[in-house]
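> Residue-level listing of the chains:
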Amino acid sequence: MPANQFLDISLTGSVTVVPPNVRSIEEDVDLFGGNIRQIERLKKTLGLNERRIASSNITSLDLCEQAVQVLLDQLNIKSSDVDGILFVTQTPDHSQPSNASLLHGRLGCDTNCAALDVGLGCSGFVYALWLAYSIIANGSSQRVLLLAGDTLSRLVHPKDRATASLFGDAGSATMIEKREGAGVSWFRLGTDGRGSNSLIVPAGGARLPLSQETAEEYTDDDGNIRTKENLFMDGSEVFNFSIEVIPQEIKALLEYAGASKDTVDYFVLHQANRYMVHNIGKRLKVGLDRCPVDSFGAFGNVSSASIPGALAYELADQLSGKCKNKSSHQVVFSGFGVGLSWGSCLLTVPELDCLEWRVYEA
Amino acid sequence: MQIKIFLQQLEESLEGLDSGTVSETTVFKELKEWDSLAILTLTDTIDLEYGVLLKKAEIESCETAQSLFDLVQSKV
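If you read the sequences in order, they're chains A and B.
One rule links them: number in the numbering used here = place in the first sequence (from 1) + 10.
One rule links them: number in the numbering used here = place in the second sequence (from 1) + 5.
It is possible that some hints are incorrect.
[Stated by the list, open to error] Calculated pairs, BS3-like style, for lysine-lysine (alpha carbon to alpha carbon, straight line, at most 25 Å):
id: 1; chain 1: A; residue 1: K53; chain 2: B; residue 2: K37
id: 2; chain 1: A; residue 1: K53; chain 2: B; residue 2: K34
id: 3; chain 1: A; residue 1: K271; chain 2: A; residue 2: K169
id: 4; chain 1: A; residue 1: K54; chain 2: A; residue 2: K169
id: 5; chain 1: B; residue 1: K61; chain 2: B; residue 2: K80
id: 6; chain 1: A; residue 1: K238; chain 2: B; residue 2: K34
id: 7; chain 1: B; residue 1: K80; chain 2: A; residue 2: K292
id: 8; chain 1: A; residue 1: K53; chain 2: B; residue 2: K60
id: 9; chain 1: A; residue 1: K292; chain 2: A; residue 2: K261
id: 10; chain 1: B; residue 1: K60; chain 2: A; residue 2: K261
id: 11; chain 1: A; residue 1: K271; chain 2: A; residue 2: K238
id: 12; chain 1: B; residue 1: K60; chain 2: A; residue 2: K295
id: 13; chain 1: B; residue 1: K60; chain 2: B; residue 2: K80
id: 14; chain 1: A; residue 1: K169; chain 2: B; residue 2: K61
Hints were generated in silico from the structure; no laboratory data involved.
My request is simple: use the sequences and hints to build the entire structure.
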């Protein structure tokens with residue numbers, strides 16, 4: 011079991027950028043056969059409301075680049091002072107080279123810099139955080155830039171009710187640095203590849219290259235339409251996995267850290283949907299005031315950007331010292347999804363000089 | 006497990022049903038909002054109340070509330 015602890019490394023700031031185009035669930039009424047009552051049920055139960063959609067000329071690289079520029083500016087760090095770049099995405103600009111290399115070039119970073127992509131979705135932010143802490147702890151890097159972004163709206167079929175209204179687009183940039191006195195951070199990670207078929211884009215890789223056949227639409231048993239080039243999600247399998255595994259994982263993390271759930275200020279869970287976050291919170295017996303979920307109704311499920319997005323959308327005042335209640339906070343992050351894959355961590359988050367979200371400017 | 010309490014829990018879980026509309030012989034497919042969202046909320050309720058996590062196909066294999074009750078009881 012990959013479980014690690016790190017001393018004196020800290021997340022020091024984070025910015026999330028979303029595209030300007032807002033799509034509301036009400037606009038999807040045709041997808042649900044004109045059934046307004048169904049829209050109301052989805053709003054009430056899953057918390058579907060608004061999501062952000064990138065226009066075709068904006069990629070996750072563009073969203074993340076703008077997030078980095080704000081972050082570096084606010085933290086007063088030069089791009090040449092960054093010596094590690096980790097880019098979490100499943101919607102890179104190209105199959106090669108990596109988004110991390112492309113961003114390195116755009117920022118004009120020093121060549122003494124390690125840069126790589128992390129091919130994960132909703133668990134990816136925590137995984138890349140663990141990598142960032144690892145390469146700082148082993149002395150490879152001093153200052154790591156973690157980008158997490160996807161444009162999943164382009165992968166869903168507009169007539170697939172299981173996914174079309176759920177996913178939004180966003181990009182985030184988070185800084186991780188060595189920081190004396192930061193204390194101990196704790197991580198736990200896991201994978202269950204037997205569930206790999208429950209969230210998958212079947213075509214477009216080496217196994218099944220794009221072709222006329224992969225572009226053909228098919229209708230599934232529930233009447234949803236998609237092609238093999240679209241993201242398929244077995245919602246009930248993913249839901250069951252999440253409520254079965256994640257509460258246990260978070261409990262095991264706290265046990266490993268010798269911490270109590272009562273001393274944790276916030277549980278920032280992947281913003282899969284409101285129902286999922288509430289139900290994990292219920293199983294942890296943690297009040298929903300400590301499990302932020304409002305960003306889901308504003309951005310949609312934004313894959314690996316959802317944890318930094320939730321931090322910026324809902325906890326900016328608390329964690330950047332505008333609410334002068336504490337100089338630092340104990341925060342749990344937990345990401346889970348495609349793989350199937352999951353990661354959780356318990357961090358001491360200091361007063362952040364930069365925590366915000368912005369709308370992308372062309 | 007008591008069937009009366011179980012039926013009440015089903016009713017509360019399935020949104021928009023009047024009290025007393027779910028009985029042992031209720032056929033799920035005849036409920037007006039029996040869909041994947043309903044199955045999701047039902048999965049959640051049964052897991053929280055009885056610690057039994059059912060797959061979607063298992064719930065779909067139960068025609069009536071009584072058969073779902075029997076299935077859950079066999080797994081408690």
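> With reference to the structure, classify each hint as holding or not holding.
Do the hints match the structure? See the list:
1. A:K53 / B:K37: holds (18 Å)
2. A:K53 / B:K34: Holds, at about 23 Å.
3. A:K271 / A:K169: violated (41 Å)
4. A:K54 / A:K169: holds (21 Å)
5. B:K61 / B:K80: holds (15 Å)
6. A:K238 / B:K34: The hint is violated at about 30 Å.
7. B:K80 / A:K292: It holds: about 22 Å lies between the C-alpha atoms, which stays within 25 Å.
8. A:K53 / B:K60: Given that 25 Å is the threshold and the Cα spacing comes to 24 Å, the pair holds.
9. A:K292 / A:K261: holds (13 Å)
10. B:K60 / A:K261: holds (24 Å)
11. A:K271 / A:K238: violated (42 Å)
12. B:K60 / A:K295: It holds: about 24 Å lies between the C-alpha atoms, which stays within 25 Å.
13. B:K60 / B:K80: holds (12 Å)
14. A:K169 / B:K61: holds (22 Å)
Of the numbered hints given earlier, the model fails hints 3, 6 and 11; all others are met.
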